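Q: Spelled out, the chains give:
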Amino acid sequence: MRTLRRFLVRAGAWFTSRRDQERIREEIEDHLARQTADLVRAGVPPTEARRQAVLKFGGLDAATEDWRDQRGLPLVDTLGQDVRYALRRLRSAPVFALTTILTLALGIGATTAIFTLVHAVLLKSLPVANPDELYKLGETSRCCFWGGYSQNGDFSLVSYELYQHFRDNTEGFAELAAFSAGITPLAVQRAGRGDAADSNAGEFVSGNYFTTFGIQAYAGRMLGPADDRPGAPLAAVMSHRLWTRRYGADPAIVGSTYTLEGTPFTIVGIMPPGFFGDTLRSDPPDFFLPLHTEPVVIRDAALPHADLHWLEVIGRVRPGAAATSIEAGMRLELTRWLRSHESEMSANDRAKLSEQTLHLRPGGAGITSLRDAYERWLLILLMVTGCALVIVCANVASLMLVRGLERRRQTSLSLALGAPPHRVIRGPIIESLLLSLAGGGVGLAIAFAGTRVILRLVFPAASAGAPIAAWPSPPVLAFAFVVSLATGLAFGIVPAWMATRADPMDALRGTGRSVTSAGSRPRAALTVAQTALSLALLSMAGLLGTALHGLESQPLGFEPADRIVAHVNPRLSGDEPAEAAVMYERLHEAVRRIPGVTGVALCVYSPFGNNSWGSGVVVDGRPAPGPHDDTFASWDRASAGYFDVIGTPILRGRGITAQDTATSRHVAVVNEAFARKFLDGDPIGKHFGQHGSGSEREYEVIGVARDARYFDFNLDEPIGPMFFLPDVQHDFKRDAPSEDANPGSHILRDIVLRLQPGVHLSSQAVRDAIASVDPALPVASIRPMSEQVADAFGQQRVIARFTLFFGVLSLLLASIGLYGVTAHNAARRTAEIGLRIALGADRVDVVRLILRSALTLIGIGLLLGLPLAAAVGPLLSSQLYGAEPLNPAVLLSAALVLGATGVAACCIPAFRARSTSPADALRAE
Amino acid sequence: MKNRPDVLQGTLALMVLRTLEVLGPLHGYGIARRIEQISGDLLNVNQGTLYPVLLKLEQEGAIASEWGTSDNNRRARFYRLTRAGRSRLKAEAAGWEQTSAIIGRFLAAKAEDLQ
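Protein chains in written order, with our numbering: chain A, 1 to 925; chain B, 1 to 115.
To be clear, the hints were calculated from the coordinates, so they are not data collected in a lab.
Careful: at least some of the hints might be erroneous.
[Said to hold, decoys possible] Dumping the calculated SDA-like pairs for lysine to any residue here, alpha-carbon to alpha-carbon at most 20 angstroms: (1) Lys56(A) with Val53(B); (2) Lys56(A) with Arg33(B); (3) Lys56(B) with Glu22(A); (4) Lys677(A) with Asn742(A); (5) Lys56(B) with Leu4(A); (6) Lys56(A) with Ile35(B); (7) Lys733(A) with Val619(A); (8) Lys352(A) with Leu338(A); (9) Lys56(B) with Thr335(A); (10) Lys56(A) with Ser65(B); (11) Lys677(A) with Trp613(A); (12) Lys352(A) with Thr335(A).
[To be verified] Calculated Cβ distances over 10 angstroms to all of chain A for the following chain B residues: (13) Thr11; (14) Met15; (15) Arg18; (16) Leu23; (17) Ala32; (18) Gly48; (19) Glu60; (20) Ala64; (21) Ala76; (22) Arg77; (23) Ser100; (24) Ala101; (25) Ile102; (26) Leu107; (27) Ala108.
These figures come from a predicted structure and were not determined experimentally.
In this text, a Cβ means the ideal position worked out from N, Cα and C, and glycines have one as well.
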């Protein structure tokens with residue numbers, strides 16, 4: 001209590017210091033006058049009396065000093081003094097201050113930029129109410145469809161029927177919501193405006209989706225259970241992003257009618273701006289539709305099928321309910337539901353029935369597809385920037401040490417005159433903190449610019465309105481501040497410690513004579529550390545570069561040059577197969593007529609379109625596969641001449657041609673991997689079918705195409721088996737011969753154009769040609785195929801460039817560090833060198849003398865760096881496509897580059913030392 | 001120089017409080033003189049050290065001060081005991097007496113007492 005009162009009074013007194021100063025002076029004066037008067041009365045002569053009074057009072061200055069320590073807040077006072085002093089010192093060395101702040105800004109900025117992304121992608125919860133109460137089903141990401149009744153021990157996707165079963169039979173959830181795992185491209189037109197159709201992403205969600213997440217409408221209302229019933233009026237919710245970007249935040253949108261895939265929907269509300277849906281993805285959905293509208297919008301709907309799993313499930317647990325007991329209950333329900341479908345199961349599914357189980361996981365971060373995809377990149381980047389920051393720190397610490405040495409004499413004097421050591425230490429630390437905080441401030445600016453650039457490079461698709469804010473959030477600001485403080489302390493502490501070791505006697509005797517200099521050992525250690533880290537960074541950059549080069553130069557199996565891919569979004573419903581075929585024919589004709597186009601083909605998925613159909617394969621003449629046999633193959637549908645247009649060579653037989661018609665025998669072209677895996681001997685003329693379609697003689701193999709890459713997510717794995725079917729041939733169900741087994745596989749989304757070499761085609765020409773066939777056909781994108789391929793390597797390229805940038809930066813810093821240490825040593829030994837030369841030493845000896853110590857540093861740095869780089873390698877290769885854990889050539893060239901740069905940096909001071917004039921050097925003594 | 005005991009921080013404060021209690025409001029010089037007189041010049045008090053103690057006591061609310069005029073018409077700052085100071089003096093005096101009594105007993109003790 002007393003202490004608190006005292007503190008408050010002192011804090012108050014701090015503001016009134018001038019008046020108080022006056023008071024103490026007056027009081028002391030009064031005291032002395034009285035004492036003198038008393039002494040005079042006692043018979044002491046006046047001058048002597050005054051002297052005695054002062055003596056009796058004691059040190060005047062000490063008394064006021066003591067008094068001042070009691071008054072006000074001396075800590076704040078002296079801190080202010082120290083800060084002002086540090087600022088003055090920094091102002092007197094503007095070049096040092098600026099370079100230091102800029103290097104620090106670069107280090108802190110880069111680390112903060114990466115942290116911004118790490119925070120947004122890896123650490124942040126969904127912007128929903130109480131995210132800890134949310135739990136999601138499944139640990140494995142199985143986007144976006146899964147058929148049958150087994151999911152390898154982890155049911156993560158459910159069918160609508162299974163969702164209903166869970167929803168109605170699980171205690172413990174306040175709400176259990178379901179939503180489509182994938183997003184559906186929708187042809188979108190605002191009704192009654194006659195605008196061209198847009199292609200926007202849509203997601204199907206259960207009626208309680210928004211209540212589960214606790215999301216309130218920004219305008220209008222969100223969907224409710226009443227909207228998610230068969231026969232309910234068609235309602236949809238629009239994203240805030242689309243509403244503001246495309247429709248200028250027009251309030252009239254709420255309540256207006258939109259045609260989605262040809263069906264009129266009422267837009268009932270706008271989502272709040274921060275919510276991008278359940279999944280953090282680079283292309284978040286713009287429309288949210290009730291689950292029950294899926295059959296209205298999509299022709300081969302998933303909703304009615306009990307064995308087609310396409311929904312993710314997230315639930316909000318009731319307060320007090322334990323997730324583990326809910327999980328146990330859900331496992332029982334899963335088994336119960338599976339048993340009720342036992343009669344419909346395939347033999348293989350029935351055999352695996354007992355293995356089926358599920359897992360409940362915290363769902364506060366949503367479905368984390370983006371997290372899965374970017375985690376390793378971000379962690380590598382964080383590691384790289386962290387390394388760079390350490391190197392920057394070492395460099396600045398080294399500079400600070402030099403400053404400390406320059407100040408040695410002054411520090412010693414201060415100590416000799418009685419400066420308390422704690423204030424002597426505080427000087428350099430405050431200077432370091434000021435520098436690092438300034439660096440942090442500038443670094444924040446760099447970080448936000450940097451985050452934007454990285455976002456654009458890493459998420460090219462989401463350049464506009466990415467679901468990640470590149471803007472300072474409190475955690476990011478706190479991170480930058482803490483990093484700044486930590487760096488400031490890191491590089492300030494050694495110089496501060498050196499400062500207190502200054503021996504006053506030494507300083508007053510006159511330093512600069514000793515051959516071994518104080519502070520050179522810590523500097524040498526810093527330089528060695530820098531060299532070692534630089535080597536690690538450089539070899540990392542080298543490994544990444546080689547890996548990237550290896551990936552980019554691998555055979556793709558098609559020709560990306562002189563090809564354009566137009567991605568269209570044909571209506572998914574309404575068109576009869578015959579009509580669709582006519583439309584594709586007309587599209588083909590229209591695009592083919594564009595001057596400069598030498599070939600056109602349509603397909604469901606073009607190479608690097610990152611999608612395909614997939615199914616199990618049964619081969620004629622082979623035993624039926626068992627439950628654990630891997631029979632998976634990807635497949636695609638394409639029009640005649642497809643392989644020719646994309647440039648995939650046909651190795652045997654023929655490709656898909658005009659002679660394959662709706663009525664001719666069903667044929668397939670397979671890739672080499674397919675032939676190797678499923679077909680023995682000559683593949684041509686062999687028959688196979690899709691698992692579940694009934695016939696293993698469905699398709700006759702007419703050709704083998706070279707393996708071509710269709711996906712960018714497994715670039716380091718061999719290309720998997722794949723087969724291609726003519727778009728005009730339909731597979732019919734065996735039990736219902738008039739019903740198409742896979743109507744969705746006839747929606748041709750990609751139009752590939754082969755151009756005359758050197759011809760440049762504007763995307764408008766392609767758009768016009770497509771619009772001439774059907775103005776309502778939305779074109780999602782038109783881009784060169786080479787770009788589609790380059791995008792696949794985009795992330796890796798960004799990482800490689802980023803690492804290279806920091807590798808070069810660290811190389812530069814390490815060289816500067818080496819130069820600094822060598823130059824400093826040379827300068828210190830000027831006298832010694834002069835003496836040596838005077839005594840007849842060769843000038844070459846001088847160079848050798850100076851270089852020897854520098855080379856020792858480089859050598860030790862490289863020796864320490866080699867195991868470090870070797871340790872980083874395996875870490876990278878476990879995370880990166882095609883990166884080798886240890887590439888001696890890369891390591892060796894990194895070491896050579898580093899060594900050569902280091903030696904070059906040391907040569908400058910060494911050769912300067914050679915021209916030391918002995919007379920000057922000795923006179924300087 | 002004679003070997004005179006240093007005044008402990010806390011004891012000086014106690015002396016100040018006691019002086020003010022006995023003599024009523026006093027200026028700094030007066031307090032210094034009384035302490036000197038009472039301690040019989042045995043204490044080595046640099047008079048200057050008194051002022052930080054006065055300031056501290058005032059900040060803690062044990063004493064208050066104001067400008068006034070002294071006997072010979074000189075302007076001086078007079079210190080007086082506050083109510084809080086009075087109760088603090090009481091408590092500290094009791095504590096001090098207890099301490100000195102204990103120490104006294106120890107010093108008076110003979111070897112046989114401690115066996």
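Q: Would you mind marking each hint as holding or not holding in the structure?
A: Hint by hint, here is what the structure shows:
This hinted pair checks out: Lys56(A) and Val53(B) have alpha carbons roughly 17 angstroms apart, not beyond 20 angstroms. Straight-line distance between C-alpha atoms of Lys56(A) and Arg33(B) comes to about 11 angstroms, which keeps the hinted pair within the 20 angstroms bound. Distance check on the hinted pair: Lys56(B) and Glu22(A) sit about 17 angstroms apart at the alpha-carbon level, within 20 angstroms; holds. Distance hint between Lys677(A) and Asn742(A) is unfulfilled; the C-alpha atoms sit about 24 angstroms from each other, more than 20 angstroms.
Distance restraint check for Lys56(B) and Leu4(A): the Cα-Cα separation of roughly 13 angstroms lies within the 20 angstroms cut-off, and the hinted pair is therefore satisfied. At roughly 14 angstroms between alpha-carbon atoms, Lys56(A) and Ile35(B) fall within 20 angstroms of each other, so this suggested pair holds. The straight-line distance between the Cα atoms of Lys733(A) and Val619(A) is roughly 18 angstroms, inside the 20 angstroms bound, and the hint therefore holds. Restraint check: the Cα-Cα separation between Lys352(A) and Leu338(A) comes to about 11 angstroms, which is no more than 20 angstroms; the hinted pair holds.
Under the criterion of a C-alpha separation no larger than 20 angstroms, the hint pairing Lys56(B) with Thr335(A) is inconsistent with the structure, at around 79 angstroms. With a C-alpha separation of about 24 angstroms, the suggested pair Lys56(A) and Ser65(B) falls outside the 20 angstroms cut-off, and the hint is violated. A C-alpha spacing of about 18 angstroms is found between Lys677(A) and Trp613(A), which places the hinted pair at or below 20 angstroms, so the restraint holds. The suggested pairing of Lys352(A) with Thr335(A) holds, with an alpha-carbon distance near 12 angstroms, which does not exceed 20 angstroms.
Every beta carbon of chain A lies more than 10 angstroms from that of Thr11(B), the smallest distance being close to 17 angstroms; the non-interface claim holds. Here Met15(B) stays apart from chain A, with its beta-carbon at least about 17 angstroms from theirs, past the 10 angstroms limit. The claim that Arg18(B) is not at the interface with chain A holds, since no C-beta of that chain comes within 10 angstroms of its own (minimum 19 angstroms). Listed as outside the interface, Leu23(B) is consistent with that label: its C-beta sits roughly 16 angstroms from the nearest C-beta of chain A, beyond the 10 angstroms cut-off.
With a cut of 10 angstroms on Cβ distances, Ala32(B) falls inside the contact zone with chain A, its closest approach being about 7 angstroms. Not every CB of chain A lies more than 10 angstroms from the CB of Gly48(B), the least distance being 3 angstroms, so the non-interface label is violated. Annotated as non-interface, Glu60(B) brings its C-beta within 10 angstroms of a C-beta of chain A; the closest such distance is 5 angstroms. Remark: the non-interface label on Ala64(B) is consistent with the geometry, its nearest Cβ contact in chain A lying 12 angstroms away (cut-off 10 angstroms).
Separation of Ala76(B) from chain A is inadequate, the least Cβ-Cβ distance of about 5 angstroms not exceeding the 10 angstroms criterion. Not every Cβ of chain A is farther than 10 angstroms from the Cβ of Arg77(B); the closest lies at roughly 5 angstroms, contradicting the non-interface assignment. The Cβ of Ser100(B) sits about 24 angstroms from the closest Cβ of chain A, beyond the 10 angstroms cut-off, so the non-interface label holds. Against the 10 angstroms criterion, Ala101(B) stays outside the reach of chain A, whose nearest CB is about 26 angstroms from its own CB.
Every CB of chain A lies more than 10 angstroms from the CB of Ile102(B), the least distance being 25 angstroms, so the non-interface label holds. The Cβ of Leu107(B) lies farther than 10 angstroms from every Cβ of chain A, with a closest approach of about 32 angstroms, so its non-interface assignment holds. Non-interface call for Ala108(B) relative to chain A: holds, since the shortest CB-CB distance, roughly 35 angstroms, exceeds 10 angstroms.
Checked against the numbered hints above, the structure breaks hints 4, 9, 10, 17, 18, 19, 21, 22 and satisfies the rest.
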